[in-house]
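Student: Here is how the chains run, residue by residue.
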Amino acid sequence: MEKNIIVAGVGGQGILSIAFVIDHAAMDAGFHFKQAEVHGMAQRGGAVQSNLRYGDSEIWSDIIPAGKVDMVLSVEPLEALRYRHYLRPEGWVVSSTTPFVNIPNYPEDEALLADLSAIENIVMVDTAHFARAAGNRRAQNMVMVGAASPMLDFEEDRLLAFVEKLFARKGEKIVAVNQRAFRFGRAAGQFFHGLFAAGVSKRDALQLVGKFDPETIDGIHASAWAEAIGNNGSCLAAVLSADKAVACDQVAAYT
Amino acid sequence: MNKEILLGDEAIGLGAIHAGLSGVYGYPGTPSTEIFEFIERRTKKAGDVHAFWSTNEKVAYEEALGMSWAGKRALVCMKHVGLNVAADAFMNSAVTGTNGGLVLAVADDPGMHSSQNEQDSRYFAQFALIPCLEPRKQQECYNLMFEAFELSEELGVPVMVRLVTRIAHSRTAVATRKPLPQNELKPDKQIKKWTLIPVNARVQYKGLTDKQPELLRLAEQSPHNTLELRGKSGIIACGLAHNYLFENLEPDHEHSILSIAQYPLPAEKVRSLVQHVDQLLILEDGYPLVESTVRGLFGLEGIRVRGRMTGEIPRTGELNPDIVRAALQLAPLPTACEPAGDLSNRPPALCQGCPHTDSFKALNDALSIFDDAQVFSDIGCYALAALPPLEAVHSCVAMGASIGMAAGAAHAGYSPAVAAIGDSTFSHGGITPLMSAVQQNVNLNVLVVDNSTVGMTGTQRSMSTGTTLDQIILGTGISEDHFRVIEPIPRNHAQNVEVLREELAFDGPSVVVARRACIEAQKRKAI
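So the sequence lines, in the order shown, correspond to chains X and C. For the first sequence, counting from 1, position 184 maps to 184 in the numbering used here; every step adds exactly one. Take the position in the second sequence, starting the count at 1, then add 255; the result is the number in the numbering used here.
Since the hints were derived computationally from the structure, they do not count as laboratory data. Predicted model only: the values in this text are computed from it and were never measured. Among the hints, erroneous ones may be present.
[Claimed, not checked] Listed next, the in silico DSSO-like pairs over lysine-lysine satisfying Cα-Cα at most 30 Å (straight line):
1. C:Lys487 / C:Lys466
2. C:Lys299 / C:Lys466
3. C:Lys778 / X:Lys173
4. X:Lys3 / C:Lys258
5. C:Lys447 / X:Lys165
6. C:Lys441 / X:Lys173
7. X:Lys165 / C:Lys780
8. C:Lys300 / X:Lys173
9. C:Lys258 / X:Lys170
10. C:Lys461 / X:Lys170
11. C:Lys299 / C:Lys616
12. X:Lys165 / C:Lys441
13. X:Lys68 / C:Lys466
14. X:Lys165 / C:Lys466
15. C:Lys447 / X:Lys170
16. X:Lys165 / C:Lys433
17. C:Lys433 / C:Lys447
18. C:Lys780 / X:Lys173
19. C:Lys441 / X:Lys170
20. X:Lys3 / X:Lys244
21. C:Lys447 / C:Lys299
22. X:Lys165 / C:Lys461
23. X:Lys170 / C:Lys780
24. C:Lys461 / C:Lys441
[As the list claims (entries may be wrong)] Which bits of chain C does chain X cover? Going by a derived footprint, with three or more residues having C-beta under 8 Å, they are:
25. 277-289
26. 430-441
27. 527-540
28. 584-594
[Said to hold, decoys possible] Here are the in silico distance ranges between beta carbons for each label pair:
29. X:His85 / C:Phe761: 30 to 38 Å
30. C:Ala772 / X:Ala237: 25 to 33 Å
31. C:Leu598 / X:Asn121: 43 to 51 Å
32. C:Phe761 / X:Asn136: 50 to 58 Å
33. C:Glu556 / X:Asn121: 37 to 45 Å
34. C:Gly486 / X:His85: 15 to 23 Å
35. X:Arg158 / C:Ala430: 15 to 23 Å
36. X:Arg158 / C:Ser623: 27 to 35 Å
37. C:Arg746 / X:Ala168: 49 to 57 Å
38. C:Gly596 / X:Pro104: 15 to 23 Å
For every residue, glycine included, the Cβ atom is placed at its ideal position computed from N, Cα and C.
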């Protein structure tokens with residue numbers, strides 16, 4: 001077993017915190033791992049990435065070869081597109097849909113979402129939405145660790161333990177916010193994936209996940225929602241037009 | 256056994272501490288900065304290792320040499336171009352020799368991720384006639400520090416440990432050993448050894464050359480230089496190239512491989528490989544040093560040698576597993592898609608609210624009355640002012656070069672001759688050219704952007720900021736009337752432009768200090 005991940009984002013978004021959690025989980029699990037990162041000039045608001053590799057036998061190169069990347073894990077949608085060509089054919093993109101706009105020629109939201117949706121194997125999460133719901137917009141990076149976590153090779157509890165270790169010196173409240181962000185991200189990613197696997201379009205899935213009360217999202221309801229949307233053309237519109245967040249287990253109300 | 260997750264740089268730092276380090280010296284520079292920072296952080300509580308950033312790499316090297324003279328173990332760390340600054344002390348320290356172990360950890364930057372060039376420090380080790388170790392793994396970074404200090408004390412010469420960006424800034428788990436105690440204070444009072452007047456220097460230099468067969472013998476026997484003979488296709492893999500090679504090979508490959516991590520180049524091992532093969536691929540992350548040595552002027556008879564000099568490996572840029580794969584003539588691995596051609600780039604930029612933005616906006620406006628005025632600048636965050644939207648500076652060459660170049664341009668009759676330099680870069684390399692320009696009464700204008708920190712490398716302490724900076728500038732002999740201080744904030748824009756215009760109009764040397772703290776440093780303090 002070997003897993004190769006490009007963690008991507010913009011300088012200051014907390015890429016290295018994502019790497020911290022996965023590195024520690026890898027060491028804890030007894031895996032070999034290497035994680036190369038960017039320091040210096042590029043950190044000043046530029047595109048940054050970290051090459052993270054773990055596995056049960058020796059890891060040679062600190063840089064992942066083109067074609068060996070299993071996952072592009074991006075805290076930013078434009079940055080998700082930047083490293084796609086390193087992915088192996090069956091590889092996955094797990095990306096935030098929240099743009100970080102600090103350049104004049106940043107693409108239009110619509111064009112960017114269309115590019116992301118065109119990727120076959122993708123999990124999309126509105127990280128700003130879930131980080132805010134968890135209590136701090138800065139926790140978007142932990143939303144993404146959560147979203148990627150079902151495809152990693154660690155127990156959820158172990159990952160959460162290292163989220164705690166990462167934020168411990170900032171106090172219990174910050175730890176709780178970041179652990180909540182992780183859980184929201186994990187549930188949202190699983191739900192998105194479940195909807196898509198059951199035939200819902202990625203754009204619809206993204207909108208639906210964003211409408212739920214984050215505390216209630218659970219992947220086990222995904223197929224029921226997919227069925228409801230498939231059977232009833234106005235179901236999605238009805239949910240989206242609800243005046244407040246919808247509980248994820250209330251599919252019956254919309255069938 | 257204790258394990259810690261460490262960057263290559265941090266593994267160097269921890270290895271040094273555990274090898275009985277008494278002092279670490281350096282000047283910040285990517286990708287070497289974290290070596291010093293780790294040691295500083297790690298030993299702060301105990302306070303038993305001297306760790307204080309130096310004014311520049313030359314000072315750092317000399318301080319380290321003094322620590323060695325006193326019998327203790329010293330580590331001096333810097334980036335590759337920093338070694339140019341330290342070269343005087345470095346070259347001569349090989350001639351004096353050492354007392355306590357002296358290790359130079361130098362981090363090269365192939366591919367120029369954060370540098371002006373990709374010079375290969377292995378040439379410097381060869382030039383100075385000292386051993387060079389080139390770790391391939393973070394664990395080796397740690398382990399080799401013990402060896403490097405022992406080697407330095409055994410041979411009586413400084414030892415170079417050469418890193419490249421990829422290992423310096425890559426993390427993994429590192430197993431640690433029981434720490435060694437520090438050396439006792441034991442000054443080396445062999446006056447002739449340390450006093451390099453010609454009569455002594457000749458003796459010392461002869462002594463250094465006499466040590467060379469021993470250096471070579473150690474490299475030949477080094478467990479870090481391994482030769483495995485299999486088929487007729489030979490490969491020499493230096494440093495990290497070893498990892499990129501094995502990333503691409505199956506266990507039952509048919510190549511004969513010499514991996515090198517200790518120099519001087521082990522000639523007998525190279526000979527054994529060459530006699531066994533009919534073609535040779537040479538892989539190095541840096542200049543083709545080994546390739547040019549093995550090839551010589553005329554090549555190897557009957558053997559096709561391939562590498563950076565023949566184009567199988569690109570002559571410039573960082574080595575990586577994909578380049579090595581192509582050089583091995585293996586098909587590229589299939590990928591999910593082609594690179595996206597038209598993606599918007601996201602270059603690094605000055606932070607929102609950065610004082611440099613206000614300084615350079617003012618400078619741009621002040622210079623707008625001239626026709627396409629050029630500004631000589633320097634190494635630091637403000638080099639980003641070269642890019643849109645500011646496009647305010649037009650050179651960035653070497654630490655402190657802004658002032659010297661502006662002076663030279665003024666000598667030639669160019670006006671306005673403007674230099675822009677940061678506070679830390681000023682203390683590193685700007686004081687002497689300013690003193691020179693002031694004493695010559697050159698018509699130049701220096702803008703010192705004093706943000707009170709070394710911003711680009713992570714907000715380390717600046718040596719000359721605030722009052723200290725002002726006193727140094729006045730100490731060069733500059734007229735007090737033409738030493739001005741402004742605060743670069745948007746509200747002050749008009750008056751700052753006015754101050755700069757007045758000094759640009761003056762025929763003689765002037766210095767304007769634009770003083771406002773780095774916002775990144777403020778943020779870090781707040782945490």
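Student: Now tell me, hint by hint, if it's right for this structure.
Tutor: Comparing the hints with the structure gives:
1. For the hint linking lysine 487 of chain C to lysine 466 of chain C, the alpha-carbon distance of about 35 Å lies beyond 30 Å, and the restraint is violated.
2. Between lysine 299 of chain C and lysine 466 of chain C the CA atoms are separated by roughly 38 Å; this puts the pair beyond 30 Å, and the hint is violated.
3. Simply put, lysine 778 of chain C and lysine 173 of chain X have alpha-carbon atoms about 20 Å apart, close enough for the 30 Å limit, and the pair holds.
4. Distance check on the hinted pair: lysine 3 of chain X and lysine 258 of chain C sit about 22 Å apart at the alpha-carbon level, within 30 Å; holds.
5. Restraint check for lysine 447 of chain C and lysine 165 of chain X: not satisfied, since their Cα atoms lie roughly 56 Å apart, outside the 30 Å limit.
6. Distance restraint check for lysine 441 of chain C and lysine 173 of chain X: the Cα-Cα separation of roughly 53 Å exceeds the 30 Å cut-off, and the hinted pair is therefore not satisfied.
7. Proximity of lysine 165 of chain X to lysine 780 of chain C is assessed by CA-CA distance (about 22 Å); at most 30 Å being required, the pair is judged to hold.
8. Between the alpha carbons of lysine 300 of chain C and lysine 173 of chain X the distance comes to roughly 28 Å, so the proposed pair stays at or under 30 Å and holds.
9. Note on lysine 258 of chain C and lysine 170 of chain X: the hinted pairing holds, with a Cα-Cα distance of about 24 Å set against a maximum of 30 Å.
10. Simply put, lysine 461 of chain C and lysine 170 of chain X have alpha-carbon atoms about 59 Å apart, too far for the 30 Å limit, and the pair is violated.
11. Of the supplied pair hints, the one linking lysine 299 of chain C and lysine 616 of chain C is violated, its CA atoms being roughly 40 Å apart against a limit of 30 Å.
12. Proximity of lysine 165 of chain X to lysine 441 of chain C is assessed by CA-CA distance (about 44 Å); at most 30 Å being required, the pair is judged violated.
13. About 47 Å separates the Cα atoms of lysine 68 of chain X and lysine 466 of chain C, which puts this hinted pair outside 30 Å; it is violated.
14. Taking the CA atoms of lysine 165 of chain X and lysine 466 of chain C, the gap is near 51 Å; set against the 30 Å cutoff, the hint is violated.
15. A C-alpha spacing of about 57 Å is found between lysine 447 of chain C and lysine 170 of chain X, which places the hinted pair above 30 Å, so the restraint is violated.
16. Between lysine 165 of chain X and lysine 433 of chain C the alpha-carbon distance is near 26 Å, which keeps this suggested pair within the 30 Å criterion.
17. For the proposed pair lysine 433 of chain C and lysine 447 of chain C, the alpha carbon gap of about 37 Å is over 30 Å, so the pair is violated.
18. Using a Cα cut-off of 30 Å, the hinted pair lysine 780 of chain C and lysine 173 of chain X holds, with the two alpha carbons roughly 21 Å apart.
19. Distance hint between lysine 441 of chain C and lysine 170 of chain X is unfulfilled; the C-alpha atoms sit about 45 Å from each other, more than 30 Å.
20. Note on lysine 3 of chain X and lysine 244 of chain X: the hinted pairing is violated, with a Cα-Cα distance of about 40 Å set against a maximum of 30 Å.
21. Straight-line distance between C-alpha atoms of lysine 447 of chain C and lysine 299 of chain C comes to about 37 Å, which puts the hinted pair past the 30 Å bound.
22. With a C-alpha separation of about 57 Å, the suggested pair lysine 165 of chain X and lysine 461 of chain C falls outside the 30 Å cut-off, and the hint is violated.
23. Among the hinted pairs, lysine 170 of chain X with lysine 780 of chain C is consistent with the structure: their alpha-carbon atoms are about 14 Å apart, no more than 30 Å.
24. The straight-line distance between the Cα atoms of lysine 461 of chain C and lysine 441 of chain C is roughly 25 Å, inside the 30 Å bound, and the hint therefore holds.
25. Only residues whose C-beta sits within less than 8 Å of a C-beta in chain X count toward coverage, and the stretch 277-289 of chain C has 4 of them, enough to reach three; the restraint holds.
26. A count of 0 residues in the stretch 430-441 of chain C with a Cβ less than 8 Å from any Cβ of chain X is obtained; the coverage claim is therefore unmet, three being the minimum.
27. Only residues whose C-beta sits within less than 8 Å of a C-beta in chain X count toward coverage, and the stretch 527-540 of chain C has 0 of them, not enough to reach three; the restraint is violated.
28. Chain X is given as covering the stretch 584-594 of chain C, and this holds because 8 residues of the stretch bring a CB closer than 8 Å to a CB of that chain, at least three being needed.
29. Between histidine 85 of chain X and phenylalanine 761 of chain C, the C-beta spacing of about 55 Å breaks the proposed range 30 to 38 Å.
30. A hinted range of 25 to 33 Å for the beta carbons of alanine 772 of chain C and alanine 237 of chain X is inconsistent with their spacing of about 53 Å.
31. Between leucine 598 of chain C and asparagine 121 of chain X the Cβ separation comes to about 19 Å, which falls outside the hinted range of 43 to 51 Å.
32. Checked against the hint of 50 to 58 Å, the pair phenylalanine 761 of chain C and asparagine 136 of chain X passes, with Cβ atoms roughly 52 Å apart.
33. The beta-carbon spacing between glutamate 556 of chain C and asparagine 121 of chain X, approximately 53 Å, falls outside the hinted interval of 37 to 45 Å.
34. A hinted range of 15 to 23 Å is violated for the C-beta pair glycine 486 of chain C and histidine 85 of chain X, which are about 33 Å apart.
35. A hinted range of 15 to 23 Å holds for the C-beta pair arginine 158 of chain X and alanine 430 of chain C, which are about 22 Å apart.
36. At about 60 Å, the CB distance of arginine 158 of chain X to serine 623 of chain C disagrees with the hint of 27 to 35 Å.
37. Between arginine 746 of chain C and alanine 168 of chain X the beta carbons are some 41 Å apart, a value that contradicts the proposed interval 49 to 57 Å.
38. The supplied range of 15 to 23 Å is met by glycine 596 of chain C and proline 104 of chain X, whose beta-carbon atoms lie about 19 Å from each other.
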